[in-house]
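**Student:** Going by this note's numbering, the sequence shown opens with residue 63, and the numbers climb by one from there.
Don't take each hint at face value.
What the hints assert, rightly or not - Simulated restraints, written as ranges between beta carbons of each label pair:
1) GLU170 <-> LYS230: 32 to 40 Å
2) ASN143 <-> ALA279: 39 to 47 Å
3) SER423 <-> THR320: 32 to 40 Å
4) SER423 <-> ASN300: 27 to 35 Å
5) ARG325 <-> SER183: 17 to 25 Å
6) ASP151 <-> GLN343: 36 to 44 Å
7) SER309 <-> GLY190: 52 to 60 Å
8) LYS118 <-> GLN264: 46 to 54 Å
9) GLY280 <-> ASP151: 20 to 28 Å
10) ASP381 <-> ASN226: 31 to 39 Å
11) GLU85 <-> TYR212: 30 to 38 Å
12) ASN226 <-> ARG386: 49 to 57 Å
13) ASN126 <-> ALA279: 45 to 53 Å
14) LYS219 <-> ASN143: 30 to 38 Å
Please keep in mind that the hints were generated in silico from the structure rather than gathered at the bench. Ideal Cβ placement from N, Cα and C applies to all residues, glycine included.
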Amino acid sequence: MKVTHVALSNFLNYISSQIDFDEGINMIIGENASGKTNLVDGVLFASIGRSSRHSKDKELINWNSNSGARITLKIQKRFSNHIIDIIIDSAGLKHVAIDEMPIKRIGELMGILNVVFFSPSELALVSGTPNDRRRFLNISLSQQCRPYFYALQNYNKFLTQRNNILKKYNDPDNINDLLQLTDPGIAKEASIILSERQKFVQRLALVSKQKHNILTAGKEDLDIVYETCDVSFNDLENSFLQVLKKSFERDLHLEYTTIGPHRDDLKISANSCDLRKYGSQGQQRSAVLSMKLAEIALFKERTNETPVLILDDVLSELDESRRRALLTSLADIQTLITCTEPSTETDSQYALFKVENRAISKCNDF
63 MKVTHVALSN
73 FLNYISSQID
83 FDEGINMIIG
93 ENASGKTNLV
103 DGVLFASIGR
113 SSRHSKDKEL
123 INWNSNSGAR
133 ITLKIQKRFS
143 NHIIDIIIDS
153 AGLKHVAIDE
163 MPIKRIGELM
173 GILNVVFFSP
183 SELALVSGTP
193 NDRRRFLNIS
203 LSQQCRPYFY
213 ALQNYNKFLT
223 QRNNILKKYN
233 DPDNINDLLQ
243 LTDPGIAKEA
253 SIILSERQKF
263 VQRLALVSKQ
273 KHNILTAGKE
283 DLDIVYETCD
293 VSFNDLENSF
303 LQVLKKSFER
313 DLHLEYTTIG
323 PHRDDLKISA
333 NSCDLRKYGS
343 QGQQRSAVLS
353 MKLAEIALFK
363 ERTNETPVLI
373 LDDVLSELDE
383 SRRRALLTSL
393 ADIQTLITCT
403 EPSTETDSQY
413 ALFKVENRAI
423 SKCNDF
């Protein structure tokens, strides 16, 4: 899978700019705040329909624009080519077309362009909250599996309804009757989410261990465990219903649903040390890098396509040996790297681009 062309119009600091990327390593250089991250954020936005840094789509429109923003990408896959065209109108509403056909649901965008994104903020995957780790699972699995994305959307709707019932009604009998309308639906969607997460984390743990062994020269043994509610994976839907019933009194007292996929976490350890709490920044950074490299492998296993890798300002965060190990592992992966100056740690040829004056241009290949 490759991004062959990107065109940005009134997107963040870009007025009108377009570029053709090479199929291998693309190194994007420029001064801080020049717009390097904005460029790769446009690629990520075309993949998952959301920005890595802005919570509202309207924030992506250039301040000087009265007509909204536009992002257009051309994608080359093994057996097909696609054009993703996204318009954010002046009201901040998003309009997405794939191959000139407007889509009705954002889920139709999932899987057209698969992206693995790594930036310094991704350290939160280890050092941050459980919500950061659930976000990692959700973004990766939504790209790999559309049914997961739709199950997640439905689950969140049922969860909101259930929590509103718990807050609004005080009579346990009335609440029980009302929960009969939400709990079967929430259990059905939860069973899909839990099943996909369990399979994903099992493979992620195995491949991450292998990648981490290479990155740390065998000095650290990485372990990843999926922490979820006590359910039977042989009969997930019924088992989850029973767990909901057991948690009813606690949920009623606290006025929200205390168990489910929205409460899950990943335990990430190196040499039996819980990196979430006790890992050094170097250990946490290496663990995240190992997980991201493993994520690429899992994409390829499931979709038969290699995702596009975005490394946003991370090379400076790694020591020389880890930079070299990372860049050496990028064969056959289209990679977009942002940095302030070209890297000297790779023997591979790469395409060089420069961002300045709110525009991007290609330089001579290195």
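**Student:** To test your reading of the hints: which numbers does this structure violate?
**Tutor:** Hints 3, 4, 7, 8, 9 and 10 not satisfied by this model.
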